[in-house]
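Asks: Please model the complete structure; the sequences and the hints are all you need to start from.
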Amino acid sequence: MAPDAEFCVECGAPVPDAASAEGSDGTIYPQLARANLFRMRGDYRQAEEICLAILRRYPNNATANALLGDISQERGDLEQAAEWYDLALDLTPDSVPIRQKLTVVKERMAERDTANTAKQLGLPTTRPKIGLYVFGVLAFLLGTGAAAFYLGRNWPVPESINVVEQPLELGATRRSSTEPEAPPQAQPSTRAAAPLANTDTDRALIEAVAQRNPSGSAVLDIDYFPRGQFAFVTYSAGDEDDPRVLGASIASSVLEQMPECQSVVLRAIRHSQVVFIADVTRESVALTAQTDWQANYSKVPGAFADAVLSREWTPNAPALSPTDSETRPVERGGEQSGD
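To convert, count from 1 in the sequence shown and add 46; that's this note's numbering.
It should be emphasised that the hints constitute simulated quantities derived from the structure, not laboratory data. Accuracy of the hints is not assured; some may be wrong.
To be verified - Restraint-style ranges between C-beta atoms, simulated for each label pair:
#1 V150 x A193: 48 to 56 Å
#2 R357 x A256: 21 to 29 Å
#3 R158 x D285: 19 to 27 Å
#4 L188 x Y90: 54 to 62 Å
#5 T280 x A332: 19 to 27 Å
#6 L266 x G348: 44 to 52 Å
#7 L98 x T160: 30 to 38 Å
#8 F271 x R121: 40 to 48 Å
#9 N244 x S356: 34 to 42 Å
#10 P272 x Q319: 24 to 32 Å
#11 P347 x R258: 19 to 27 Å
#12 L266 x R154: 28 to 36 Å
#13 T160 x A193: 41 to 49 Å
C-beta atoms are modelled at their ideal positions from N, C-alpha and C, and glycine is treated no differently.
Replies: Right, here's the structure in full:
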């Protein structure tokens, strides 16, 4: 093919340039958001069709490749997920979240292969129950104690030892047998409270989020993991708070205050119970800063949370009804784009 040709000299097919083949995430954001929403609902077939349609137009779009990897991983097809992540990583070699996902998939594949090999060889594939070890230790201690007691009772007492048959009085006032004994007084504990495990970086991040975010006071704890470049955030959600909206706002502040952090894992606590878990990546937050997203969804309630949250979890969550899609701005955006 000639280097400057706009059509293939062999078959006559039009040849797109590199920019058009890659496509802009901003241009196809409504389709990507719609595909991700179908994935979160468990409609993997519909999500996969949307991603494949995007790749037919923009074969070098890394986000669509990565989303297909997420779909394959949740389906349990680890080999296919690894292939999609490899393709996405070839297109964006510096993407830390995609590299982390590929590493997790390969580790799961290795664990599965090891378990299958052990099963074929007849080796145990599960760890021994801890209860068996505890029972064995207790039985040994009881047996040792019983043997010591038996030997102690039957061992002859040396004649040279004078046995005192009357109790000794130590000068304390003798208490009548009918007089109740005073309960022992509780001794004050001298053990200091255990210090928090937060580092200076964690504490500084908590203070910065609390000062710059109106909802920052809800943050209970932040732990940053530099090796994985992600932060684990625990926050309190009141009865009147939406854990999704509150968590999305807090995660955005964490990413803003720590440029090297690439993703945030959220955990919401209400009445001492975990009520919500989700992930937020720097890439998803960056998409909301684009002009077309700001123009269409910046004033839509809940639109920011819908755009940035992924892998959401709630206890005993009811199945979403088809009417829920009417309140999702990402779906309305997809319809406006003609998808």
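Asks: Do P272 and Q319 keep their Cβ atoms within the hinted range of 24 to 32 Å?
Replies: About 30 Å separates the Cβ atoms of P272 and Q319, which means 24 to 32 Å holds.
Asks: Does the hinted range 19 to 27 Å hold for R158 and D285 at CB?
Replies: With Cβ atoms ~42 Å apart, the hint is violated.
Asks: If you check the beta carbons of L266 and G348, does the distance land in 44 to 52 Å?
Replies: 23 Å, violated
Asks: Within 30 to 38 Å or not, the Cβ separation of L98 and T160?
Replies: Given a distance of about 33 Å, which is inside 30 to 38 Å, the answer is holds.
Asks: Does the Cβ-Cβ separation between N244 and S356 fall within 34 to 42 Å?
Replies: This hint is violated: roughly 26 Å between Cβ atoms.
Asks: In this structure, is the beta-carbon distance linking T280 and A332 contained in 19 to 27 Å?
Replies: With a Cβ separation near 24 Å, T280 and A332 satisfy 19 to 27 Å, so the hint holds.
Asks: Please check whether L266 and R154 have a Cβ separation lying inside 28 to 36 Å.
Replies: 31 Å, holds
Asks: Is 21 to 29 Å a correct range for the gap between the Cβ atoms of R357 and A256?
Replies: 26 Å, holds
Asks: Starting from the hint 40 to 48 Å, judge whether the C-beta atoms of F271 and R121 obey it.
Replies: 28 Å, violated
Asks: May I ask you to test the hint 48 to 56 Å on the CB atoms belonging to V150 and A193?
Replies: 52 Å, holds
Asks: Would you say the C-beta atoms of L188 and Y90 sit inside 54 to 62 Å of each other?
Replies: At 55 Å between Cβs, range holds.
Asks: May I ask you to test the hint 41 to 49 Å on the CB atoms belonging to T160 and A193?
Replies: Holds: the Cβ-Cβ distance is about 44 Å, inside 41 to 49 Å.
Violated hints, listed in ascending order, are 3, 6, 8 and 9; each of the other numbered hints is respected by the structure.
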